[in-house]
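Chemist: Chains A and B, in that order, give the protein sequences.
In this text, residue positions in the first sequence follow numbering that gives the first Met the number 0: the first is 0, and each later residue adds one.
In this text, residue positions in the second sequence follow numbering that gives the first Met the number 0: the first is 0, and each later residue adds one.
I should point out that these hints are in silico values taken from the structure, not numbers from a laboratory.
Take every hint as true, because none was put in to throw you off.
It does not matter which identical chain is meant; a pair holds if it fits inside one copy or across any two.
Distance condition first, Cα-Cα at most 25 Å in a straight line; then the derived SDA-like pairs of lysine to any residue:
#: 1; residue 1: 27; residue 2: 55
#: 2; residue 1: 180; residue 2: 214
#: 3; residue 1: 27; residue 2: 79
#: 4; residue 1: 180; residue 2: 228
#: 5; residue 1: 27; residue 2: 65
#: 6; residue 1: 27; residue 2: 71
#: 7; residue 1: 27; residue 2: 78
#: 8; residue 1: 27; residue 2: 80
None of the values given here were measured: they were computed from a predicted structure.
One-letter residues, chain by chain:
There are 2 protein chains.
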Amino acid sequence: MKPSGLRSDRMAPDGAPSDGEPSSALHKSRSAERVLALLDTVITSGAATLTDAAAEAGIPTSTALRHLRLLTNRGYLVRDDRGRYSVGPAFVRIALASFQWGPYARLMAAAQPGLQRLAEVTGESAYLAVRDGQEAVYIATVESRRAIRHVGWVGKSVPLEGTAVGEALLSEASALGVRPKAVINTGAIEPDVTAVVAPIHESSGVIGALSVLGPAERIVGRRLEVARAAVVDVAVSTSTSFGRV
Amino acid sequence: MKPSGLRSDRMAPDGAPSDGEPSSALHKSRSAERVLALLDTVITSGAATLTDAAAEAGIPTSTALRHLRLLTNRGYLVRDDRGRYSVGPAFVRIALASFQWGPYARLMAAAQPGLQRLAEVTGESAYLAVRDGQEAVYIATVESRRAIRHVGWVGKSVPLEGTAVGEALLSEASALGVRPKAVINTGAIEPDVTAVVAPIHESSGVIGALSVLGPAERIVGRRLEVARAAVVDVAVSTSTSFGRV
DNA sequence: CCGGAGGGTTTCATTGAGTGAAAAGCATTG
DNA sequence: CAATGCTTTTCACTCAATGAAACCCTCCGG
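Can you build the whole structure from these sequences, using the hints too?
Modeler: As structure tokens, this is what we get:
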């Protein structure tokens, strides 16, 4: 019950894609940033005490306490009898709402059948990923049914740099109608994991990526080719089915 | 594509159950509250422009702009080409994480089979609800398979006051082992909707409620009794199965 | 081609809201 | 019961958030 580990450090606090603002640029909202940081650490770590959360977010405990209280009052967090904070009902409400409408809901819906098919055809776990700044986030999956399989990456974020998903998500929107190319990589995040990835297009560019993830020694030769073909096929059909919703 | 309506107004901003603080009590974090309010309105409304969101949250546009920018930089929101804000990848990441761990994840997992069984036995939609301040939030469902059925309340919040869920969630934790009582109500939120609800217990008290919701004219006589019995049965078995996880 | 309306964005002087060091509580533990 | 570790309260200082006003768009209708 102490998850940890699933959390990759957030990107540079300014968020601007790529230019050197003097780091503490013009008047941002400090308390607000900190509150969000606390919300993030508490939720992605599953549960945290005041001191843990404060340390993780780099905030003095007295200040962190005030912020955590605010979040608790609003129902975004709850405090259990042992004093540990974790997700609250109000956050769950919003989280659920974010899946019903909003751009990602559409994408997830459009990708669902494709993920299913990928898992069946390749026998490996299939994931849907989207870009988040300089990272990629896995937002949906259909797992392989093998005993040895890739699991638990939904909600995880990985760097774009040096990963297959990253390359796919950054690939220039090849004119619509042109088949995208699959990207293949082994061991970028974890050794012995091979990723076969293809981008999902839309008129405005790349909006997501489909990944097939599995043990490196299994995704080779014939099976690698099957995966490569399947991923590209499904990416194309997902792109079109997303277009007409 | 303009959902609206699903949003019930939040409770009193200070969150303290029931006492008249002088409204601008001791040093809470204004900007943080506003940022959270904006996040909430934007996400629960699906998509909103600067002016809409600012108006809805009661904030001057210049300030709202700064806050929305912060949220966008962090990836919690995105801005589409038409200038409308909606959920961003970073928020989705956290939202997903909140389902994997955290207290509600456990509850949802424990309740899933029960919801399934309720939907089968009663032929109506079954929901799981939890308390959020002075409201109840529906956080999971298994829908009826009838043509006419109750749908779309996941993520919705309703007042505790005067509703069946409310009564169930507020019911005193009758000593463990004692069968809970079902609460039945018609038309509290929408006319022609009947709710049959029973509380889910844990040692510390009531932690959630199971609701069977359907058209009032269908849930009567024999079928009402079936629903009442089923809801209580399933609530009890969910309570125990939640206890030993 | 112009004018005006309805967004969005920037500026900047003002001040009160957020800050955090320190001290005081409150459990747990040896 | 002294020691340790976590939480909570206090309070004086000041920097960070604020919002009215001015500016800048783009989109319309005349």
